[in-house]
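Novice: Those protein sequences? They're chains A and B, same order as listed. The numbers in the working numbering rise by one with no breaks, and the one at position 104 of the first sequence is 104. The numbers in the working numbering rise by one with no breaks, and the one at position 43 of the second sequence is 43.
The reader is advised that the hints may include incorrect statements.
[Stated by the list, open to error] Below are the EDC-like pairs computed for lysine to aspartate or glutamate, each with C-alpha atoms no more than 20 Å apart in a straight line: (1) K305(B) with D290(B); (2) K57(A) with D290(B); (3) K57(B) with D161(A); (4) K305(A) with D211(A); (5) K14(A) with E107(A); (6) K14(B) with D161(B).
It is worth saying that the hints were derived from the structure and are not from the lab.
There are 2 protein chains.
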Amino acid sequence: MRTKLAGKIEAGEKISIAHGGGGEMMHRLIEGHILPRLGNRFLNALNDSAIFEPTNKRIAFTTDAFVVQPLEFPGGDIGRLAMCGTINDLAVMGATPTALSLALVVEEGLPLSVLDRILDSIAETAATANVVVATGDTKVIERRSGDGLMITTAGIGHLRDGVNMDLGRVNAGDVVIVSGRIAEHGLAVLSVREGLSFETQIVSDAAPLNDLVATILDSGADVKFMRDPTRGGLAGVLADAADVSNLSIEVREDSIPVSSAVRHTAEVFGLDPLTVANEGKLVAICSAKDADRVLNACRAHPLGKHAALIGHFVDEQPQLVELITLAGGRRVIQRPYGEELPRIC
Amino acid sequence: MRTKLAGKIEAGEKISIAHGGGGEMMHRLIEGHILPRLGNRFLNALNDSAIFEPTNKRIAFTTDAFVVQPLEFPGGDIGRLAMCGTINDLAVMGATPTALSLALVVEEGLPLSVLDRILDSIAETAATANVVVATGDTKVIERRSGDGLMITTAGIGHLRDGVNMDLGRVNAGDVVIVSGRIAEHGLAVLSVREGLSFETQIVSDAAPLNDLVATILDSGADVKFMRDPTRGGLAGVLADAADVSNLSIEVREDSIPVSSAVRHTAEVFGLDPLTVANEGKLVAICSAKDADRVLNACRAHPLGKHAALIGHFVDEQPQLVELITLAGGRRVIQRPYGEELPRIC
Numbered sequence: 001m002r003t004k005l006a007g008k009i010e011a012g013e014k015i016s017i018a019h020g021g022g023g024e025m026m027h028r029l030i031e032g033h034i035l036p037r038l039g040n041r042f043l044n045a046l047n048d049s050a051i052f053e054p055t056n057k058r059i060a061f062t063t064d065a066f067v068v069q070p071l072e073f074p075g076g077d078i079g080r081l082a083m084c085g086t087i088n089d090l091a092v093m094g095a096t097p098t099a100l101s102l103a104l105v106v107e108e109g110l111p112l113s114v115l116d117r118i119l120d121s122i123a124e125t126a127a128t129a130n131v132v133v134a135t136g137d138t139k140v141i142e143r144r145s146g147d148g149l150m151i152t153t154a155g156i157g158h159l160r161d162g163v164n165m166d167l168g169r170v171n172a173g174d175v176v177i178v179s180g181r182i183a184e185h186g187l188a189v190l191s192v193r194e195g196l197s198f199e200t201q202i203v204s205d206a207a208p209l210n211d212l213v214a215t216i217l218d219s220g221a222d223v224k225f226m227r228d229p230t231r232g233g234l235a236g237v238l239a240d241a242a243d244v245s246n247l248s249i250e251v252r253e254d255s256i257p258v259s260s261a262v263r264h265t266a267e268v269f270g271l272d273p274l275t276v277a278n279e280g281k282l283v284a285i286c287s288a289k290d291a292d293r294v295l296n297a298c299r300a301h302p303l304g305k306h307a308a309l310i311g312h313f314v315d316e317q318p319q320l321v322e323l324i325t326l327a328g329g330r331r332v333i334q335r336p337y338g339e340e341l342p343r344i345c
Numbered sequence: 001m002r003t004k005l006a007g008k009i010e011a012g013e014k015i016s017i018a019h020g021g022g023g024e025m026m027h028r029l030i031e032g033h034i035l036p037r038l039g040n041r042f043l044n045a046l047n048d049s050a051i052f053e054p055t056n057k058r059i060a061f062t063t064d065a066f067v068v069q070p071l072e073f074p075g076g077d078i079g080r081l082a083m084c085g086t087i088n089d090l091a092v093m094g095a096t097p098t099a100l101s102l103a104l105v106v107e108e109g110l111p112l113s114v115l116d117r118i119l120d121s122i123a124e125t126a127a128t129a130n131v132v133v134a135t136g137d138t139k140v141i142e143r144r145s146g147d148g149l150m151i152t153t154a155g156i157g158h159l160r161d162g163v164n165m166d167l168g169r170v171n172a173g174d175v176v177i178v179s180g181r182i183a184e185h186g187l188a189v190l191s192v193r194e195g196l197s198f199e200t201q202i203v204s205d206a207a208p209l210n211d212l213v214a215t216i217l218d219s220g221a222d223v224k225f226m227r228d229p230t231r232g233g234l235a236g237v238l239a240d241a242a243d244v245s246n247l248s249i250e251v252r253e254d255s256i257p258v259s260s261a262v263r264h265t266a267e268v269f270g271l272d273p274l275t276v277a278n279e280g281k282l283v284a285i286c287s288a289k290d291a292d293r294v295l296n297a298c299r300a301h302p303l304g305k306h307a308a309l310i311g312h313f314v315d316e317q318p319q320l321v322e323l324i325t326l327a328g329g330r331r332v333i334q335r336p337y338g339e340e341l342p343r344i345c
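One chain only, chain A, in its complex shape:
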């Protein structure tokens, strides 16, 4: 019976509350729009869970909610962002992402064409990163502004053998490497929101980092910690690293990769690039002797061309993150207090 009634929703149609009810309308949405893009042997079964056989003893598990506005921005959209966010959270733990879940909360009135583009983007990101969307859920909520979509992804990955990401292993002298130019995602979204995207031409860096992480770990470097500097930016990751390692960090401002467009735009908005979200960068901590391995691995990869060693750990109390500024002065880097850029991811 399902096949008789199912079919694509009409072109130009908008999402209605009825598409979320678990009835025939929802079947049409799933079978006409979601499965053709994301279908695979797990998802096609339309069971409540997907079944896996882990290939490694240890698995990693993570989740992220995405509420970015607007839904589409230079360099990406909420779908790409949601996929990359969870893939990257697994990757920086040293896990190979294998399966993602995808929960959509769609606002009534969302044009179906927008949803279709975002589903296409999710499918493309999944293919690029070689991960599968294994299970999902869709809810529709009543109309507000009519352009709403929130996505929560969760993911499981298999931990690589020998990986031990633990800030407790960090010592004075260890170095901090960032894989590329910072603050591009946050400023790309903010620019389009403020009508400045054409002028600034900043593009979100949203990208799946699992292949870059594999390249780094394959280099043989003993990476002690990795994190993707999303909300809170580079400043947030460094503050956390100092807190947990119980050491201070000295960072040289002139070594931090920032494009001139980002530097200029951040100034216009009165923002510090250090606290702006990235969605395709990672921070790696390793001993000084492994620094070249990590840097060379990054620079050999398309997503790590601008990798740089930006600082090192020092045994000074109280633990602080200190920036040696371009002018030669010193200032303390703190994680931002509240939300500088709402709905950036």
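Keeping the supplied structure of chain A fixed, place chain B upon it in accordance with the hints.
Specialist: What follows is chain B alone, placed relative to chain A:
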């Protein structure tokens, strides 16, 4: 530094956008309100992923988004619902739930006291079901009505040995068992929304079913399929089962467990209890010879006291779900077309 600045948010305070920014305000929310309730060795690490060692070769993976309004209702709240939904999706696949993820999208203006109560409820449900919230994420969105909270949970579980939930194994003569009285969750939420909750006294059945499922499977019955009849209700599950098995199902209306309060309230709202959501019931399919094992296992469990055999599969085409009514007539049961009750889960 974090410990110096962290602390509980003031009593009476409301959630602000700043609580979602990945900065100090967010640390206060997490360390003052979330970790004290849900903390465990996975979550306390505040890493981006949790690490597990599966005890079985096969793992199940699922997700669900919850947008119920109001957030609190007779018999439960959105937190209990979100935990039970994912626990139950794993359980009906024959998996023992081990770890859940919890993603909160909080609307600015939500009273912190409401969030705290819902977190308490999540913690209590996790303890009852013996599962751990292993990883999470929190986002804050701008104020709308000021009472908003959406929760997406995902979960992983270890598949029990010997379990093979597959509608392809179902044959004519196999029976359909429902574990208790239907339609209580949907009508409880609707009643409170319509200001009728005092009159009807219907309470949501939201409950974690993993222990009931374990009892059923421990009975030795070869359960061929299980599903929790949430959105779309019992009608939705039966329609799916007929579709996929390519068989028809005959159901006797007089055998379906429904309380008189539910029957009366459904009539008032013009709803068919068969299409109303449940959040603590399951449908099990097995051969006729295993029916007593399943029924006895259910009835020995607090969540299965009213279990009943409601119908059986017949080899008739086209495949339909037919209800033999109280009056002795026949009508076709269909999954609801659209959304009869928006934001019921």
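Novice: Are the hints correct? Go through all of them and say.
Specialist: Status of each hint after checking the structure:
1. This hinted pair checks out: K305(B) and D290(B) have alpha carbons roughly 18 Å apart, not beyond 20 Å.
2. For the suggested pair K57(A) and D290(B), the alpha carbons sit about 36 Å apart, so the restraint of at most 20 Å is broken.
3. Under the criterion of a C-alpha separation no larger than 20 Å, the hint pairing K57(B) with D161(A) is consistent with the structure, at around 18 Å.
4. For the hint linking K305(A) to D211(A), the alpha-carbon distance of about 14 Å falls within 20 Å, and the restraint holds.
5. As the CA atoms of K14(A) and E107(A) are separated by approximately 10 Å, the hinted pair is consistent with the 20 Å bound.
6. For a cut-off of 20 Å, the pair hint linking K14(B) to D161(B) is broken: about 47 Å separates their Cα positions.
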